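**Q** Build out the structure end to end from the sequences listed, making use of the hints.
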Amino acid sequence: MNWLIEIGKAAALCVVVFTFIAISVMVMVYAERKLSAWMQARIGPRHVGPQGLLQLIADTVKLLQKENIVPRQADYLVFSTAPLIVAVAALLDYVVIPLGKVGDTVLIVRDINIGVLYFAAMASLTVIGILTGGWASNNKYSLLGGLRSAAQMVSYEIPLGLSIICVAMLASTLSTVGIVEAQRGRWFIFQAFPFGFFAFVVFIIASTAETNRVPFDLPEAESELIAGYQSEYTGMRFSLFQLGEYGELFGMSAMAVVMFLGGWSGPRPVPPLLWFFIKTYALVFVMIWVRWTYPRFRIDQLLNLSWKFLLPVGLVNILGIGAWLILLR
Amino acid sequence: MLLDWLYVAVFAIVGLVLAGLPLVIVWLLAPRIDYPQKRSTYESGVVPFGQAWAQFNIRYYIFGLVFVVFDVEVIYLYPWAVVFKDLGAFAFVEMVIFLTILMVGLAYAWRKGALEWV
Amino acid sequence: MGKLAVFIILSCVTLIPAVIVVTSRNMVRAALSLVPTFLGVTGLYVTLDAEFVAGIQVLIYAGAITVLILFVIMLTEGGTGLRVRQMNAQTKLGALVAFGMAVVLIAFTTATRWPVKAGTMPRYNAAAVGNAFLTSYALVFEVTSLVLLVSLIGAIIIARREE
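Protein chains in written order, with the numbering used here: chain G, 1 to 329; chain B, 1 to 118; chain W, 1 to 163.
Source of the hints: derived by calculation from the structure; they are not laboratory data.
Keep in mind that a hint or two might mislead.
Claimed, not checked - As a list, the in silico SDA-like pairs of lysine to any residue whose alpha-carbon atoms are at most 20 Å apart:
#1 G:K66 / B:V10
#2 G:K62 / B:K112
#3 W:K3 / G:I5
#4 W:K3 / W:D49
#5 G:K62 / B:L28
#6 W:K3 / B:V10
#7 B:K112 / W:A138
The model shown is predicted, which means the values in this text are computed figures rather than measured ones.
**A** Structure (structure tokens):
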């Protein structure tokens, strides 16, 4: 009955990870609101709890009481499945993210051999949820948003994959723990200069696009598409989309830390777990900063950036790292 | 190794349940008051005009096709990248050839305007 | 025993949505049902210790091919929303052919002696595949890139003509 125990353990871990995602999403939404307020010389949430800290809990309670409205013309079944796909795809990303090290044990759900490939694969499932969610609403804005989002996410998956390849070359492994261990001497962002740095930049740009954030937020451009694929979603279904999106944001930032910024490693007195969160939240901060600083791309500019700039840069980058590794031997 | 994927499977199933749980709470808590206007499609306040399910721009399809080809290409790079350090120069030359052929493809797509939106 | 149970579960995960794919009158639902089918096949690859192939299965089939199929459905006139006819005049003939095919396949697979090769799967799939690509199958690997190039050019030509 060994496997029954394992299933129980996995289920318990899943609950833990899900709670972790829910809490970190709340933290990020709060941070986003406070930081955007700060950047725009406003105050932001402040009435619920000290400094508005409990605002997100109040919002969650409110959303739980909201009616689930499904438009008459919508495809009910697909409409209800789509947010679940997005949320679960984000959850599955977290299986391979190593959070830190306590003693000799690495805090990770499972160190899968094909770690980073698994991450890319699970992240790619989000597209299906967004595309079908936009279609099922039978709303013109939703469908346009869903299609745009799908075109954007698939376009940026290629540069994302190419920068993952760069890391795999440097680390000679796909396992996330192995990648962090391989950076013990020097973080990959500083290795093979400047190619390691380029790979990092490509990854960050592509992951911003994958999470549909400004300047790549065409799918939900509120000034032209209301809320894009989310237009018809209300209450908790809407929150599941948000959960997936912010969950993906944290997951992508965490993966950037694992692949380029040495994961949990850092100078001694600060524990590894804390290092990991400092680095990840620093990246999340950068993404929020970018969101409230830059305007939106046009769709042709967005696709040009991916196909005509990031893709060639990614390919040249791989060759550059290859040449660097050979010269070094 | 099988154990790793057992965890993934359990995560997928339990994750679905956990994501569905708030919907159950909503079902218990939220009001259900239905009238025709509420369930009509949102179209900036005007009465919806026709259906959204119509034929769409062929552009999306072209990008989808080009994407699948390049996605497959990236997949071929994964195993190569893992063993690259052990094999060295030969592996590098082999991959330069592989990538050059694909860059010809990219150049062709570029030239033919398959990467243009408008 | 355990392996058999896993196989049966995964087969159900693969086949039940596959039946929906064929029978559903709504094409988007049919395409969406492909996702659990692909994931079930992923599980089957995992039970065969082919972890790398399982990763590809999710990335390419569930993540890319499904999106492409959805694009195609949403692009074709009347493809979405419209309820297409599921049956035509040749239903009976088709069922007969399918049944005969199934009988032949089952007969052959059970009658054939499958040679069991000694040895185990390498624990580290991706590296093993990479080594094979770069040593014994180097030429095949390069030809693959030509195949990809041809398919890219073909795709562009076909899509252009339709425009």
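**Q** The structure should be examined with respect to each hint, and the outcome stated for every one.
**A** Each hint tested on the structure:
1. Between K66 of chain G and V10 of chain B, the direct Cα distance comes to roughly 30 Å. Violation of the 20 Å bound is thereby established for this hinted pair.
2. Simply put, K62 of chain G and K112 of chain B have alpha-carbon atoms about 52 Å apart, too far for the 20 Å limit, and the pair is violated.
3. At most 20 Å may separate the alpha-carbon atoms for a hinted pair to count; K3 of chain W and I5 of chain G meet this at roughly 17 Å.
4. At most 20 Å may separate the alpha-carbon atoms for a hinted pair to count; K3 of chain W and D49 of chain W meet this at roughly 12 Å.
5. About 14 Å separates the Cα atoms of K62 of chain G and L28 of chain B, which keeps this hinted pair within 20 Å; it holds.
6. Pair hint K3 of chain W plus V10 of chain B holds up; C-alpha atoms about 17 Å apart against a cutoff of 20 Å.
7. The suggested pairing of K112 of chain B with A138 of chain W is violated, with an alpha-carbon distance near 31 Å, which exceeds 20 Å.
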